[in-house]
Each structure stands twice: as structure tokens, then as C-alpha cells.
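Here are the chains, one letter per residue:
Protein chains: 4
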Amino acid sequence: MTDAAPSASLADRYRAVRARTEALTAPLGPEDQMVQSMADASPTRWHRAHTTWFFETFVLEPHLKGYESPHPLYRELFNSYYNGVGAQWPRHRRGVLSRPTVAEVGAWRQRVDRAMVELLAGADDALRQIVDPLIEVGLNHEQQHQELIVTDIKHGLLQNPLDPIYDPKAAAPVAHASKAGWVELAGGLVEVGYTGDGFHFDNERPVHRVHTAPFALAGDLVTCGEFGEFIEAGGYTTPHLWLSDGWATVQAEGWRAPLYWVSDGGRWRQRTLGGRRDLDDGAPVTHVSFFEADAYARWRGKRLPTEFEWEHAARSVKPAADGTFADDGALHPVGRAAPTHGGLRHLLGEVWEWTQSAYLAYPRYRAPADALGEYNGKFMNGQRVLRGGSCATPRDHIRVSYRNFFQPDKRWQFSGIRLADDR
Amino acid sequence: MTDAAPSASLADRYRAVRARTEALTAPLGPEDQMVQSMADASPTRWHRAHTTWFFETFVLEPHLKGYESPHPLYRELFNSYYNGVGAQWPRHRRGVLSRPTVAEVGAWRQRVDRAMVELLAGADDALRQIVDPLIEVGLNHEQQHQELIVTDIKHGLLQNPLDPIYDPKAAAPVAHASKAGWVELAGGLVEVGYTGDGFHFDNERPVHRVHTAPFALAGDLVTCGEFGEFIEAGGYTTPHLWLSDGWATVQAEGWRAPLYWVSDGGRWRQRTLGGRRDLDDGAPVTHVSFFEADAYARWRGKRLPTEFEWEHAARSVKPAADGTFADDGALHPVGRAAPTHGGLRHLLGEVWEWTQSAYLAYPRYRAPADALGEYNGKFMNGQRVLRGGSCATPRDHIRVSYRNFFQPDKRWQFSGIRLADDR
Amino acid sequence: MTDAAPSASLADRYRAVRARTEALTAPLGPEDQMVQSMADASPTRWHRAHTTWFFETFVLEPHLKGYESPHPLYRELFNSYYNGVGAQWPRHRRGVLSRPTVAEVGAWRQRVDRAMVELLAGADDALRQIVDPLIEVGLNHEQQHQELIVTDIKHGLLQNPLDPIYDPKAAAPVAHASKAGWVELAGGLVEVGYTGDGFHFDNERPVHRVHTAPFALAGDLVTCGEFGEFIEAGGYTTPHLWLSDGWATVQAEGWRAPLYWVSDGGRWRQRTLGGRRDLDDGAPVTHVSFFEADAYARWRGKRLPTEFEWEHAARSVKPAADGTFADDGALHPVGRAAPTHGGLRHLLGEVWEWTQSAYLAYPRYRAPADALGEYNGKFMNGQRVLRGGSCATPRDHIRVSYRNFFQPDKRWQFSGIRLADDR
Amino acid sequence: MTDAAPSASLADRYRAVRARTEALTAPLGPEDQMVQSMADASPTRWHRAHTTWFFETFVLEPHLKGYESPHPLYRELFNSYYNGVGAQWPRHRRGVLSRPTVAEVGAWRQRVDRAMVELLAGADDALRQIVDPLIEVGLNHEQQHQELIVTDIKHGLLQNPLDPIYDPKAAAPVAHASKAGWVELAGGLVEVGYTGDGFHFDNERPVHRVHTAPFALAGDLVTCGEFGEFIEAGGYTTPHLWLSDGWATVQAEGWRAPLYWVSDGGRWRQRTLGGRRDLDDGAPVTHVSFFEADAYARWRGKRLPTEFEWEHAARSVKPAADGTFADDGALHPVGRAAPTHGGLRHLLGEVWEWTQSAYLAYPRYRAPADALGEYNGKFMNGQRVLRGGSCATPRDHIRVSYRNFFQPDKRWQFSGIRLADDR
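Protein chains in written order, with this note's numbering: chain A, 1 to 423; chain B, 1 to 423; chain C, 1 to 423; chain D, 1 to 423.
You may find that some hints are simply not true.
Heads up, the list lumps identical chains together, so a pair's fine if it works in one copy or across two of them.
Okay, derived cross-link-like pairs now, EDC-like style, lysine to aspartate or glutamate, Cα gap no bigger than 20 Å in a straight line [as the list claims (entries may be wrong)]:
#1 LYS302 with ASP12
#2 LYS378 with GLU253
#3 LYS410 with GLU253
#4 LYS169 with ASP327
#5 LYS378 with ASP245
#6 LYS410 with ASP245
#7 LYS302 with ASP125
#8 LYS378 with ASP421
#9 LYS302 with GLU374
#10 LYS378 with ASP125
#11 LYS318 with GLU184
#12 LYS65 with ASP132
#13 LYS169 with ASP278
#14 LYS179 with ASP12
#15 LYS318 with GLU232
#16 LYS302 with ASP370
#17 LYS302 with ASP202
#18 LYS65 with GLU118
#19 LYS378 with ASP202
#20 LYS169 with GLU22
#21 LYS179 with GLU229
Because the hints were derived from the structure by calculation, they are not lab data.
Make the full structure from the sequences, and use the hints.
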């Protein structure tokens, strides 16, 4: 949870991560794995193929003698956005490809897994020095796609008025703790960025100092009940609460509540991977855009934290991974009762917390010169930073220096709100 | 082929038509059956469900006591365009529904088939007088969707650069006859419309008279070789050959050849359901829009026939079903050698022949008052009539009075060209 | 009004037509003449320039030695759609050109007028044989644009909530005659097309015969009051009254009444070139699309006439030009009382009458081989024929064989409805 | 140029600013003032009306007894984006309004000017305390629109292939100084924000501290010649130089050079308000987007400065207003020779300098509670900060704390590039 590196062997972690992907797709038939419900979301089948392509392209083809891809076109069909690798099948057309079939993708995964085992078994230290970091990126990359598999299939299945259920046990309500108050932080010249020696993404570095005024951070995430008050008070119809782009989006999209909230006889219910559920007032609100998070905060007379305030607070309290993670199987921010750490609860897990910070390079950041240089840096435009991981994030994937990012109008991720205030 | 009704019992025909649909989908896995490559085309899975919905909605629910649909939402999910039946799932979003699964759709088909057998076995004469015409429409409707299953999956599979093959035996080249000349027709006040007492669509009636000047009709369909000359001569870059809307489409879509033609090292090849094939110069050209057919005819100094000229000529020669039909399995207009009938060859089968006629009501036509009144009449705008059936049409489905219709820019159907001329 | 040619000298007619264009633009300031409110409509400034371009391009440049255009780019800037002449400034961007200014366009008009006088004064018979037909086309072309000047500036000015008034005397209400009944017509093999030896457009020929069953034609145009009953009865919310494309348009555009009707405290009023007016129940309804005309007719249990029925009826009664024309200055179909002719009233003038006929070539029609061959023929797709002229048509411009045409969803023209019925 | 307030009386400044707007529009006829060439740009006529609306709405109507607007609808027609004031005529449809005419807008301006004189003459101290800050905002607002008048009419006129010239003396080339080197700055905890007691926008406050590492700033702006090297080197076709959104824009828009550069026989020329000009290699490049500025910097192995670095450097050197400003009449960044200040030249004037900083609120910023609270704060999303003013900015309008902002793909402003580097 802090900056420490994981201890399991790389081969063991490889097996575990790859198996976890397959386990996530187990409830999904071939038809489900074909669904692409919008350009932002990809078919499950594609995620399984693309994560496999990653190891094949960056590890096996350059470093395992004799390795051959099942088909030369896979290089293009499953390339997401790496111009350095070559052409890319258009993102919004991923759903029209029925071949390779789900079974063929499964076979490809096994072929790559066998080759990876072979590579690791036969690699000398020199080769390990080269491939280990690539594999580490590949595993973290696959964990990111595990989260997208969950959010994308949620979006896909919930298009269907037949209300398909991914897992009837998902999103079951739990008991909540009583509300924590505000945590006061002195600010000053604080250090941000990944300071350990384990895996981290390039965008978490360089470590540098940022000046921050005194501030306060809410001990708890904003709940469904609290967000319901914003709706009741006319939040979605009051232009001055919104950024201009946000208000335009509210109008254009007809937003009246978070994504997946449905009005049912005058009260709000929520569609989840476990089916339709009564709204749990005490659970964290999720599937809100940055625009909604920002408007909510303004309505409360508060604001969103900067990503630096968030990281500084997190480092100060040394948070436990006390929130819901993918490993817990709820696949929903149920908000289970937990003690606070330094006054803060659920800083890790539950929902990605929108910050007010634009997603930009840290000072002196330079993207790596190789193809993986396209991983993070080129997206540093038009996005906001989210922190802390969600109920769809693997527990061992998150760090306090971890920077997630999405456009401010996106809300199909498990994104939520923690308020900050000036002091 | 003329206006005679089929002789097999309705129950036998029901079984045969329904089985034929399933046979057509046999080469397609669940993933293939999910593909929706454009709004005009529907997933195979949807076609199988919609044709089943047709019997359930129009025959079983009103007429088989105790029949119940597997799910009340199927009424909406598989309603194509019948406002009289209620709401409709949006056409362009058919591909995002993964449930009911392909297997569940298959089970639904069997459930409906069993119920239909039960209905027919138990129906008295009075009931048969009511349901027989509905069933007849349903079977013809299903045959139309069999053709769409072929054209839609062709479009879907051929999006994929992996070149999936539906049937390796499809589109195999055959021997051609030597070219026939022109057939002269005197015209005058000719009768058009369905004159028999068997099944026909409402748009084929009333029988009425049309005045036609003397004209000539080409004995053969335009071939790939002949169309290639148009391309060579710069047909696609010469604006005065085109209708204004056609020229705008050529520019917007970047058309340079018929759909599925691919330039391969300087010569044209063709993608088919049997894979990539060398162009067969002697086979009928297909996958051309009305705009291309019209421009080609203008370039040759000829024109397209009216639908009345076509029907008059067809009635004059009493054509054999000598063209390629779906029953033949080629699923491509291969243009097998055949003797002419009254100088005309392949009038039925091979390709739907574009006429210059707008798709409009025959004089005194009124759409039926019931829900099936939405079948044909409401589409009488902005479309052109095609005649004669294609290689994807069941042989026992076509008639000389049969009117097919598509917008003038569509070319994913097996549409082709037969020239006419003034005399 | 019938097929006779006008008798005034060509030079006199040239002066009169050109002057009429300028008179029409007199109430419009330079700002008004810049407005392009949609791609279908052009700025007044452009119409004045384009009609001038027509004479310059087709008459002066080829036939008046030494004539020079004010600027070589005018050839492109004011070319509407003649590919044979060269490139064209994009239609939807006509409103972004502020140069040549309105005054410069006026000066260009005078320069061309002077050159035309010079040409006509100096032309020998051989030259007159060549240029006279071109000038005749140019004058008829300019008269067509006079109508578009009116309909386009109406659309432009009425975008403005300030309600600019083109002419306060326009659209003043008048007395109506009592309603005429139906006129019965025997049909049979009737002749259509322009039979005289005066000016006519190529699309009015060749004269040919069409077979028509017995039918009846309404003596009067459909009135605002009658159309109001359709609205009252829920016509705009009843899908089965509409063609499928029409229903989609109603939904997409939110149509609830004809264009320019505004709901004012529960009743409908109408915006006109003379300002807001109470609806005149007895005046012809106008600014309806083909889709609305067709739905209205279906709701009444009637239908629209074919263009052949319309022309046959018109030839049978030898209609007077008894409707409102542009010359009358009302610029609105006020529907002044007039005796019927053979039972028909206002067959010419008031509103263009939608027919059910698609705009297609008459048998044996071939577009001229020169640049003017693009005038009519290339638009024979996707449009419906209208007949009879309107309150914005010059009285000496119309003929019973005259074929106007627009896409079925257009309603900014003065288009209206006359019902037909089977007999 | 620093944070000092202007000394002229408010009434004098009001007269001067208002007169300057009118002077700017003098070369433009009524037709020119109607042009809206894209949604981002507004007609001159609208700018003149909107700036008048500003004084009427925020000063006269609340504070001058008896003042009445010429028309109640002006409140809506000329409201840009103030939801607090009420409805707004759609931005992209500003060009379809021809009324009020240009002359009527001129008369409205005079009416408001007279009323403003009356108000200021009669106001007691209490009222002055209220209205003076509003008038100050109004004048600065009008100066901002003076810049937009220039950039918008440039975009509008240059749509026209006739190459209209706004002022033949504009953009005349000048002599340049020899290139300055890099200026080294130590960084540390630096103060940013407006520290004076004169006019400033709310977004320049609160003053706060930012930590900055040592850095260097280029003494000169990037020139056309230098940018030409980027083009020559294939900068526009090399994906890895670009942010992902930038590369997508390059592809979608077909960018190959800055806006208004035209390829003329193999070399680049430039369209200006003074007509087509040879490229001046030594003049600052302009009309580049943030994406292009960022890609150029990456290609040079440098980067763009943050807005804090820029402001810190500016405060360090106490820059002269040595660049081209609107007052100079060139209306183009001609880059006249000037001595450096602390090694920096043209920091103020010439071109707005893209920074890498997202346009976000300064810590503890709160938008004012009144309608003017919509002026700046609600746009803090998706934009990048530009600093320093341009050749279209009034010289007395700029400050070192001044924050301009545009979306990263915009390039119709006079935007340019100054490089920074790490130290």
C-alpha cells in the first residue's frame, strides 16, 4: 500500500495475475465478451487479447528465440494506441471483430503463458535484467485491464433491459461505520512522487516538492445519501454550480443522477453487477464524473483536493487498504465499516477519488524513449487525476503515489468524491 | 417462378423454412452471431430471434391459448419497426445485446416451433382461415431474413482483416455461356402486378395497366469484366455520368469500385463468403448501388429498365429460375452457363436487378389496417425497386411480380445491373 | 398559363426580369443580404450574384467579344452546381463571404446588363439563334431564383426573434370563396408534357402517354382550418399516418405544426413576411413537407394526386392564373375568392402542390450534352414533384407542364396540399 | 506593464476604449461585420453589440434611473454566456441575425455612451464605489473583445479566396535583432498572482507561493524560420512528438503548418490582415495551437514553461512592453528589433505564449457571488494558460500576472512559442 515492492516471485505473480483475468471473465459467455457498448469501453474478448498481445509484443517477440505469434495481423488488431508498434485497428470498431473467437483468444493466452514460463525458466541474469521490468509493466498493465474488464462489462451488460447479472453476490450491502470528521493538515513544502524502489509508473516520478497551504480533508467519502441531497436540492438544474463544460454536458446528456441510478416509483435505485439494488445511503457514491464531483463540492461550499494534498495526507496517515478492492468480490463500493487511520477512512479502495488536478507531467518528467514511452505521457492533456483505487482495483496494485486519470465527463469508472477545504 | 402457389403443406413448409434458417447459421459461432457492422445490418442472432418473434407476436399470442413468451421484454427487443406492436429497441444498438444468448435464442426458436406444430395440429378450419395467411407471411418474411442473414454476415465477417471464410466452397467459379444480345419488346398498354391466387406481398397489387413505349432489354446481366471497363475509363471520377446525389456519395465514401472489390497489386480481386477470389470477368457484377448502376448505364449510352418494363419482359418470356439461388450454396452470382428464355438469361436469381423506378404504391393500393400494414407501405419513399431475386434468395421465394427495394446508395445486397434501351 | 410563349421582346423581358430581382431585394439591407440560415437557403447577395454569373458564364463569355468578368474567381464563387463549369464554393459556406459586397454585386449586375444590351443590339440572326435560347433559360432561371430569394429571406429573417418585417403589407388577409367540391376525371391514356413551341425546361419533355384510372381532384386547396383539424386530432403523434421516413423526421425535428406556425396562448398564429398574423382558417395551408401532405391525406382517407393526374386535370379545365402570384405582392397564399374553372380553383398560384410522384425522367429523356445538361436531369433522385406555382412565383413563369421538385422533408418553400381520390 | 493601475480618469478611459473599438471596425463594411466563419468566432457586429450590452446590463440598468434598453430582447440576443442574466442566443447562430443592423448597433453604442457619461457625471461617491469597479471590468472586457474583433475578422475575411485586405499597411516586415540566448533562473519558492492595487481579473488572485526548480527561459520567441525547420524535419508526420489528442487533431484537421500558412510553389507564404506576405523567417511564429507548440518544444528537446515560471521570470526582469501591440497597427507579430531586458525580449506583446499549465483556479480562489462570477471561474477546464499579450492586445491591457486561456487545439488567436528548459 505504501511504496514497497511485492515479494512473490515474478513467475508466481505472472501466473496469479493472468489467472485472475481469466477468473474475472468466467461468468461471461462468448456473446457477452463481444459487447462494445461505447467507444470508451472494449469487449472483454479484446481485453483478454490485448493484455496477451502486450507480453507477446514487448517480451516474447524480442526476447524469446523462435517465438511466433499465432497470426501476423494480431500485432495490429490488438495494438491499443502504440504508434511505435505500428497501425492499430480502430478503437470504436473493436466490437465488430468476431475472430479470433473467444476460444481462440483463450488458446492464445495459454500459448503466451507457456512461452513466458519457458522464457523465465531459461533466462540468465542479463536477460532477466531486461525482461523483468517489462514483465512487471505487463502485469501492472494487465491489472489495469482487469479493472476495465469489470467497468466495461458492467456498462455493456447494463445496456440490456433484461438486466443480466454478472454475479448475484456482487454489491450486497454491508454495515457502515459512523461518520468521521475532517482531518486537518498543515501543508507547507511537501514531497510528492514515488520514493520506493519497487514498481511504479513513469508518471509517478520524478519525486519533487510542491507548496501547499493548510487544508482539511474529509475523513469519509461522500455517500449516496449525501449525494441524494444534492439531487433533491436541484443540483442538476442549477447552472452556477457547474463548470461551463460540465453544464453543457449535463444539458447534452440529460444527466439527472449518477450513472446507473434509476428512478423507480419516485425513489432512486441502482443497477449493479449484482442486479438492481436499493440505494444504500451510507455507501460511497460512485459513477460520478469530475463535473458532478466538482459541482457537488461547490454546492457544499467545499472543494475537491489537489492530487498533491491527497498524496500528502495519505503519506501522513499511512493508510490501510481498508476499502473494498476487486479481491473482495463485491465489485461495488459497499463501504464496509472500518476504523479510520489518522482520521481518514477508505482512502484506498472503494472508489477512485477525483482530484481537481489536471493530469500533467511532474517537473523534469521525460517519457521513456522506447515504445513503452507511449504508456502514460502522451495522455497528459484534458484529463483530471484520480487517486486511491477502487472496488475493481486489485489490492496489490495500488500505491499512494498512483495517478489514475480520465476525462472530466467520464463516469463509467468506479469514481467518487472526497471533499477538501481551505484552512 | 411465375405466379403459382407452392404445393407443399403449410406445416411442411414451416418446418423446411425454419430449418433452412438454422442451417444457414451453422457455420457461425456465437461471436459471429453478435456482429453488427453497420446500422443497416443486423446480427445473425437478432435475425433468428426476430423471425421467431414474428410467429410469436402475430400467430401464437393471439391464436394459441396458453402460449407464453419466454420473456415479456422480447416483444420490444425483437420488434423491428412495428409501431402498432409497441416500442422497439433501437436498430443500430442490436449488436450490444448479448442476452438472450445464441443458445437461448435457439431454445426460443424450438419453443415457438413446437407451439406452431401444436397450433396447426389443433386448428379447425375457421382458425386455419385466419392463421394460414399469417403463417404464409411469416414464412416469406423469414425467407427475406435468410437473405439478410447472408448479406449481413458477409458484411460483418469481411470487416475483419483476418478474412474469415463462411464456406470455403462458396463463390467457386463456373463456366459461362456466350453473350446473348438484346431482346426487343413492343411495349404498349401492359399489365403489371400479381395475378395469381397464391401468396404475394401487398405491394404487388393491385394489378393495373401501364403504358410503355417500345424498348429493348439486354439478354445478359452486366459482368465484372464489363464493369471493369467502366472503372478503367474513369467512370468513378467523371461527374457528368452521375446523379447529383450519387456523385456526392462517391466523393463522401471514396468509392472506386463495387463493394468488396480490393485492389491487389494493380488488379482487382473480390472478397466473398468463400474468401478472396480472382475476379471472374464473365460473372455478373454485384454489390453495386443504384447510383453505380445508373452511372454505368449512362456511360454505355443505355439506361436501366423501369420495373414495369422488366415485369412485362419477364411475363413475355416465362423465365426459368436459371440463375444462382441460395439453394445452390454458392452464395455468389457465379453466372453459370444456361440457355436463354426468349433471349433473356438469369432474369431470376444471380443478382437483384436495379430498375429506374422509384418504389411507390401501385394505383389504388391501401396498406392493410392491421399491424402487418406496416410491412411494406410505409417504406414507399426514397427507394428504388429491384427485381428478380439473387444468389441469396430461396428459389421458391421469387416471382416475376416481386418488388424488392433499397435506398439508392446501398450496396451490401447482391444487387446488379441489366441494361435497357429505347426503341 | 397554358403552353403559349410570352410575346414581349427578349430584350424587354430581360430588362423586366432583372429589374424585378432588384425590386425584390429593395427592402433588404446589406446585413440582411448576408444571412444564410441553413444550407438549403442562400444569401440574397448570392442569388443576385449567381443569376448574374449565369448570363456571364453561358452567354457573355462565349459570345460577346471582349467581355471580361470583374474577377476570375467569380466563376467559382458563384457557380452553384455545374461541374462542367468547374469548381464550386461550398454551398453551406455561402454566408461567410462578405466580398464582393452587396454594392459590388449590384455594380456587377449593371455591368452584365450593359453587356447584354450590347450583345443583343449587335447580334446577327445566326448569333441570336444561339444566344436567344440561352437567354431564355437565364431569365427563367432568374425567375426561379426570385422565388428562392423570397423563401430564403423569409427563413433568414424569421430566425430572428426581433421579428423583422420584409413588407408590412405582405400577407394581409382577404375574402375567400365558399368551398368547391370534387371534380371527377375519367382518366384513360392521357398525354403529359409540354406540347407548345415556347420556352420550357428539358424535364417537361418528351411528351408521352400515361395510363390513369378514373379519379377525382379536390376543387380547392387544403386550408389552414382543415389542417388545424389534423393537428387537433393528434396527426403529429400518430405513427401509422406517416411514411417511415416521415415519422422519423417528425421525431427528430419535433414537428408539431407547419413551419412558421407558432403557438400563442393556446392558439396557432403564423409568422409571415408581413409579421405575425392570426391564422386565416380559409386560406391555403403552406410550409408543409411532402411527409405532412401525405399524412394529412391519409388521415382524411384520401391521397395526393400523381403529377400526371394533376396535369391531366389542369389540361382538361384550362385553368386561369387565379391564385396569388409574386406579382400580387402578398408573398403569402392568401387564397382570394375566385370562380372555379371546371370546378378547380387556385390550381395555378397560391402554393406549390405536392404530388405523390417521384421526380424522375420522362421516357426517352436525355439531358442536353452541354453544361446546361446539369440543370435538371442530375437531380432526379429522392425528390417529389410539385405542380402549379406559388405566391412567390412570377405569374408569367408557370405552365401546366411545369415540374418543380424538392426532397420530401423540405418545407421552407410555399408548398401546400390538394387532395385526390380514387373513383 | 507591471501591476500599476492606469492613471487617466475613468470617464476618459471609457471614451478612449469605446472609440478604439469603433476605430477597429472602420475598415469593415456591414457585410464584413456579419461574417461568422466558425462557432469560435463572432461577427464584428456582435462584438460591438455585446460589449455595449455589458455596460447596459451590469451598469446602466441597475444604476441609472430611467435608463431603458432599445429593445427587451437585446438582453438575450447579446448575452454571451451569463446564465445569471438569463437565456442566451446560441453562439454558433450569431451570424444569422441581421437585425439590429450595423447602423442600429452603432446607434445603440452611442445611446449607451451618452448614458454612461450621464451616470458618471451625476454619480456621488457612494455610487462611484459601486459602479467604478463594474466599469473597470467593462473596459477590460471591451479590450478583450477588441482583440477578438481582430482575430475573428481575420478568420472571417481569410475564408474568402478573394483575399480581402483589412489594412494594406498591416503586417509590413521590420528589422529584427540578433538572437538572444537563454536566461537562467534559480527557481525556489516564488510568489505568483497580482500584487498591486489596480484592476486585475479574479483569476490572477489570490497571490500565493509555488515551488519551482531551477530552469532556463529562451530570450526570444520561436521564429517562423525555426518553426519551418520543424516542418521540414517531418514534425507534422511524426506521432511520437505529439500528445495523443494533438496527434488525433493533426490527423483529423490535416494540419501541415500553422494556420494561415499557404504553400505557394514549394515555399510557404502567410496570409495576414495586410494580404499575402512572404514568410519573415525572423519574425515570431504565430497561429499555432498548444499541441503544435508542445510538439515543437519536444522536437527541440526542450519544453514549454509553466505559467509560474513565466511569471517568475517576468517579475525578475521587469519587462518593457517592447513587443508589437494593437496600438502599433501592424496587427501581426512582426518582431521589431529591441534590446533585451534581463536577457528576455518580447515577453509582452507579439504573441500570446503558450505555457504547459492547465488553466485552473489559484489556491483559495472563489468566484464572485454575483453575475460577474461567471466571467472566469467557470471556464477552468480543458484549457491551457497563455501569457504576455499579443499584437492584437491593447498595450495598457496587459500585466505580468495576466492569464489568458484557450483550448489546446485553437489557433486562430495570435498564439506563439517561447521555450523553457530544465537546469
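Right, here's what the structure says about each hint:
1. In this homomeric assembly, LYS302 and ASP12 never come within 20 Å of each other (Cα to Cα): the closest approach is 46 Å inside a single copy and 42 Å across copies.
2. Only between protomers do LYS378 and GLU253 lie at most 20 Å apart by alpha-carbon distance; the minimum there is 19 Å, versus 28 Å within a single protomer.
3. Taking the shortest Cα distances, LYS410 and GLU253 sit within 20 Å of each other inside one copy (12 Å), while across copies they are farther apart (25 Å).
4. Only within a single protomer do LYS169 and ASP327 lie at most 20 Å apart by alpha-carbon distance; the minimum there is 14 Å, versus 50 Å between protomers.
5. Taking the closest pair of Cα atoms, LYS378 and ASP245 come within 20 Å of each other only across two copies (8 Å); inside a single copy the shortest separation is 23 Å, beyond that limit.
6. Taking the shortest Cα distances, LYS410 and ASP245 sit within 20 Å of each other both inside one copy (13 Å) and across copies (16 Å).
7. Within a single copy, LYS302 and ASP125 get their C-alpha atoms no closer than 53 Å, and across copies no closer than 36 Å, so neither meets the 20 Å cut-off.
8. In this assembly of identical chains, LYS378 and ASP421 lie within 20 Å of each other by CA distance solely across copies; the values are 19 Å between and 32 Å within a copy.
9. Proximity of LYS302 to GLU374 under the C-alpha cut-off of 20 Å is restricted to the inter-copy arrangement: shortest distance 18 Å between copies versus 36 Å within a copy.
10. Neither within a single protomer nor between protomers do LYS378 and ASP125 lie at most 20 Å apart by alpha-carbon distance, with minima of 32 Å and 55 Å respectively.
11. In the homo-oligomer, the alpha carbons of LYS318 and GLU184 lie at most 20 Å apart inside one protomer (15 Å), although the nearest pairing across protomers, at 39 Å, exceeds that limit.
12. Taking CA atoms no more than 20 Å apart as the test, LYS65 paired with ASP132 passes inside one copy only; the shortest distance there is 17 Å, against 68 Å between copies.
13. Taking identical chains as interchangeable, the C-alpha atoms of LYS169 and ASP278 lie at most 20 Å apart only when both belong to the same chain, with a minimum of 14 Å there against 55 Å between chains.
14. Within a single copy, LYS179 and ASP12 get their C-alpha atoms no closer than 40 Å, and across copies no closer than 59 Å, so neither meets the 20 Å cut-off.
15. For the identical chains of this complex, LYS318 and GLU232 are neighbours neither inside a copy (36 Å) nor across copies (53 Å), given an alpha-carbon limit of 20 Å.
16. For the homomeric pair LYS302 and ASP370, the shortest alpha-carbon distance between copies (18 Å) is at most 20 Å, but the shortest distance inside one copy (43 Å) is not.
17. For the homomeric pair LYS302 and ASP202, the shortest alpha-carbon distance between copies (19 Å) is at most 20 Å, but the shortest distance inside one copy (32 Å) is not.
18. When the C-alpha separation of LYS65 and GLU118 is checked against a cutoff of 20 Å, the pair qualifies only within one copy, where the shortest distance is 11 Å, while the shortest distance between copies is 64 Å.
19. Proximity of LYS378 and ASP202 under a CA criterion of 20 Å is satisfied intra-copy only: 12 Å inside one chain copy versus 32 Å between copies.
20. Within a single copy, LYS169 and GLU22 get their C-alpha atoms as close as 19 Å, which meets the 20 Å cut-off; across copies the closest is 36 Å, which misses it.
21. Proximity of LYS179 to GLU229 under the C-alpha cut-off of 20 Å is restricted to the intra-copy arrangement: shortest distance 16 Å within a copy versus 61 Å between copies.
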